[in-house]
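Peer 1: Sequence:
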Amino acid sequence: MDSQLFSQVPSQEASSTLGSRTSHMNILFLCTAHNSLSQQLYLRLCKAHTVTIEYALSDKVMIEAANLVRPDLIICPFLTSPVPSEVFDNYLTLIVHPGPPGDAGPSALDWVLMGDDGTVPDSAELLKSQPWNETGRSHWGVTVLQAVAEMDAGPVWAFEQFEIDINDPKTTKATLYRGPVTQAAIAATFSAIDRIISATNEHPDPSITTDLRKQPLSKTPGVHGISVHLRSNPAYKTLSVTQQKPFLGERHIADHSSEQQTEISTSEQNQQKPFPERSEHLTHNLAVLPNCSEVPIFTCEQRVAFVYFEFYNGAMSTSQCSRLIEALQYVASIESLEAVVLMGGNSYFSNGIALNVIEASCDPSTESWRNINRIDDVVHTLLEVFPQKNVTTIAAMRGNCAAGGVALATACDVVIASSESVLNPAYRALGLYGSEYHSLSYNGRCGPEIARGILRGMLPISAHRAKEIGLIDHVLPGSGPSLDTRVRDFVESLSCVPYKPGNWKSRVDVTPSGLATARAHELGEMAKDFWSARSERYTSRRRDFVRKIKSTKTPLRFATHRRREGEVDEEESDAFDDVANYGAMALDKITEHSSQGQKASFTKRNEEAKSHNEGVVIISELLRETRSAHDGKAMLFPCYYGVDTPVCT
Numbered sequence: 001m002d003s004q005l006f007s008q009v010p011s012q013e014a015s016s017t018l019g020s021r022t023s024h025m026n027i028l029f030l031c032t033a034h035n036s037l038s039q040q041l042y043l044r045l046c047k048a049h050t051v052t053i054e055y056a057l058s059d060k061v062m063i064e065a066a067n068l069v070r071p072d073l074i075i076c077p078f079l080t081s082p083v084p085s086e087v088f089d090n091y092l093t094l095i096v097h098p099g100p101p102g103d104a105g106p107s108a109l110d111w112v113l114m115g116d117d118g119t120v121p122d123s124a125e126l127l128k129s130q131p132w133n134e135t136g137r138s139h140w141g142v143t144v145l146q147a148v149a150e151m152d153a154g155p156v157w158a159f160e161q162f163e164i165d166i167n168d169p170k171t172t173k174a175t176l177y178r179g180p181v182t183q184a185a186i187a188a189t190f191s192a193i194d195r196i197i198s199a200t201n202e203h204p205d206p207s208i209t210t211d212l213r214k215q216p217l218s219k220t221p222g223v224h225g226i227s228v229h230l231r232s233n234p235a236y237k238t239l240s241v242t243q244q245k246p247f248l249g250e251r252h253i254a255d256h257s258s259e260q261q262t263e264i265s266t267s268e269q270n271q272q273k274p275f276p277e278r279s280e281h282l283t284h285n286l287a288v289l290p291n292c293s294e295v296p297i298f299t300c301e302q303r304v305a306f307v308y309f310e311f312y313n314g315a316m317s318t319s320q321c322s323r324l325i326e327a328l329q330y331v332a333s334i335e336s337l338e339a340v341v342l343m344g345g346n347s348y349f350s351n352g353i354a355l356n357v358i359e360a361s362c363d364p365s366t367e368s369w370r371n372i373n374r375i376d377d378v379v380h381t382l383l384e385v386f387p388q389k390n391v392t393t394i395a396a397m398r399g400n401c402a403a404g405g406v407a408l409a410t411a412c413d414v415v416i417a418s419s420e421s422v423l424n425p426a427y428r429a430l431g432l433y434g435s436e437y438h439s440l441s442y443n444g445r446c447g448p449e450i451a452r453g454i455l456r457g458m459l460p461i462s463a464h465r466a467k468e469i470g471l472i473d474h475v476l477p478g479s480g481p482s483l484d485t486r487v488r489d490f491v492e493s494l495s496c497v498p499y500k501p502g503n504w505k506s507r508v509d510v511t512p513s514g515l516a517t518a519r520a521h522e523l524g525e526m527a528k529d530f531w532s533a534r535s536e537r538y539t540s541r542r543r544d545f546v547r548k549i550k551s552t553k554t555p556l557r558f559a560t561h562r563r564r565e566g567e568v569d570e571e572e573s574d575a576f577d578d579v580a581n582y583g584a585m586a587l588d589k590i591t592e593h594s595s596q597g598q599k600a601s602f603t604k605r606n607e608e609a610k611s612h613n614e615g616v617v618i619i620s621e622l623l624r625e626t627r628s629a630h631d632g633k634a635m636l637f638p639c640y641y642g643v644d645t646p647v648c649t
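Following full-length UniProt numbering, the numbering of the sequence shown begins with 1 at its first residue and continues without gaps.
Derived by calculation from the structure, the hints in this document are not laboratory data. A portion of the hints provided could be inaccurate.
To be verified - As a list, the in silico DSSO-like pairs of lysine-lysine whose alpha-carbon atoms are at most 27 Å apart:
(1) 500 - 60
(2) 173 - 505
(3) 548 - 589
(4) 528 - 389
(5) 128 - 173
(6) 173 - 245
(7) 60 - 128
(8) 589 - 553
(9) 550 - 589
(10) 589 - 60
(11) 170 - 548
(12) 389 - 505
(13) 589 - 528
(14) 548 - 528
(15) 528 - 173
(16) 553 - 60
Claimed, not checked - Quick list of simulated restraints, FRET-style, between CB atoms:
(17) 243 - 110: 21 to 27 Å
(18) 35 - 244: 26 to 32 Å
(19) 167 - 128: 21 to 27 Å
(20) 363 - 58: 33 to 39 Å
(21) 385 - 564: 32 to 38 Å
For clarity, every value in this text was computed on a predicted model and none was experimentally measured. Ideal placement from N, C-alpha and C gives every residue a C-beta, glycine not left out.
Please take these sequences and the hints and turn them into a complete structure.
Peer 2: Laid out in structure tokens, this is it:
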């Protein structure tokens, strides 16, 4: 199935007011990585424009991409390196900077969260004296500006601002970035595009012979993009998009040099708290720390239970899955319960197994097996325990969701998602077949063809698009407290008595034997990912993910401008699943790095293994002995991770 099915096809929901006035454009994204912000902006822009993506791996790559695409507009939603002059001199290039107008340099969110109010403009002096403001700024912003030679110093096309409280325990760099920063970036970007179109129509380039309102930009004769000489209105720098007010963050704006980078980090260890006593669970106004790895439960008149699990970055380790199971078992014991609502976390509903915990373990393969089995136990509870008690299961995606987290949610009878949520249902990009009973829920909800498409396509999906293909059931607007209220009101409006299973369950076998068969098949494939020759695909991708290893090229599923007819990414091919293919590649690698004697010894061991394992070649350990620690790859953020310590595998 065409991988573009889930990204370039416009959703049927009403177009946003922002961007409804724009002409169709060919847009190129230049990104350090295709992160949560760029994915959400990508999905919004794809409703009206054609968008292709290039990782900013080098100046040469960025210049080449611009020349290949010849875009009407270039947007850099997440870029940590300068744009080459050969690009911004020839194509109007917009930078999305996570700070208000005048703020410049890297680590903008780190500085504001530490209490920098801008009164000390020099970074070195600020770090030396550390005159942090305890209350911090009242507002922060996002600026969309034009790329010029000096970083973050170009003409401003739009900026948006939002309230911020650095002393709120729920305010972290991650929640700030995925929440108000992302929404402000989308609002500012669409306003910037509208303003650029208006400016082009009012002051057209001499070579443009057709009004842009009458002909798409991409078809304008003799022009490969919008003129880089357009002038932005000075008011764009002083008045925010929504409120039309000057920046309300008080004080001055700082210009931080790249030499003074900072980082605020959190760790799962800092979040570990003992599981609360069960007597606390039914307290209606129970106050809990929002970032704890606890599983608080709220009930409404003993009829509906809301289960929250704020796991770090949405990753669910083996022990965290066990705590969630304990909470669900307790909920299932409540008499006269009609429904249980999985609320997940604020930024992420769930992202499946915890790759960082797995990578740090003494035996990643065994820990992967323990983790996937335990998260399967969570889903099994939803598919068997609650239905046996005639309790409706509901998932409320208040944030983004990926891989096993999507399967966890879709296993429920009803799935609700925020309109701002981005779903990544596929596992293949990380070299995994996947489990969590996704072979039942995806097929039951979407049908076999679309289910295969979302797994093979490996593209982000908007909440509205997910609803259209049947992956989820309802979309609610908003985020934060307002969304929580809407979720509760919506759940209260559902008629959960008598119990009615999710419609998708009638299309697949969810009997105990059907569940056992699906789990056995999925775990059989996962065993290959953990221990067979095919484990190389998961081991290498997990290592790169955890260590933020820089990609060597942009996947073709993102860089559509580079895809030739019949050309696919490695993960899109059937050979990606072929164990024998990995065995052959491993033999070639060992031949290259080992003596003939070692090869002969390996061949003998390989034949013995095949005779006992029905052709599955067990060579993971030998691969580990011969594999280079970094495989010549660079770090995505070397300033944070540039260490000489060998990479364990």
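Peer 1: Now tell me if each hint is right for this structure.
Peer 2: Tested hints:
1. 500 - 60: violated (58 Å)
2. 173 - 505: violated (39 Å)
3. 548 - 589: Holds - the C-alpha atoms of residue 589 and residue 548 are around 25 Å apart, at most 27 Å.
4. 528 - 389: The given pair, whose Cα atoms are some 36 Å apart, is violated under the 27 Å limit.
5. 128 - 173: With Cα atoms ~23 Å apart, residue 128 and residue 173 stay inside 27 Å; holds.
6. 173 - 245: holds (25 Å)
7. 60 - 128: violated (38 Å)
8. 589 - 553: holds (22 Å)
9. 550 - 589: Roughly 22 Å between the alpha carbons, so the hint for residue 550 and residue 589 holds.
10. 589 - 60: violated (30 Å)
11. 170 - 548: Within the cut-off at roughly 25 Å; holds.
12. 389 - 505: The hint holds at about 16 Å.
13. 589 - 528: holds (20 Å)
14. 548 - 528: Distance ~25 Å between residue 548 and residue 528 Cα, so the pair holds.
15. 528 - 173: With Cα atoms ~37 Å apart, residue 528 and residue 173 exceed 27 Å; violated.
16. 553 - 60: holds (12 Å)
17. 243 - 110: 21 to 27 Å: About 26 Å separates the Cβ atoms of residue 243 and residue 110, which means 21 to 27 Å holds.
18. 35 - 244: 26 to 32 Å: holds (29 Å)
19. 167 - 128: 21 to 27 Å: holds (24 Å)
20. 363 - 58: 33 to 39 Å: Taking Cβ atoms as reference, residue 363 and residue 58 lie about 37 Å apart, which means the hint holds.
21. 385 - 564: 32 to 38 Å: About 50 Å separates the Cβ atoms of residue 385 and residue 564, which means 32 to 38 Å is violated.
In summary, the structure is inconsistent with hints 1, 2, 4, 7, 10, 15 and 21 from the numbered list given earlier, while agreeing with the others.
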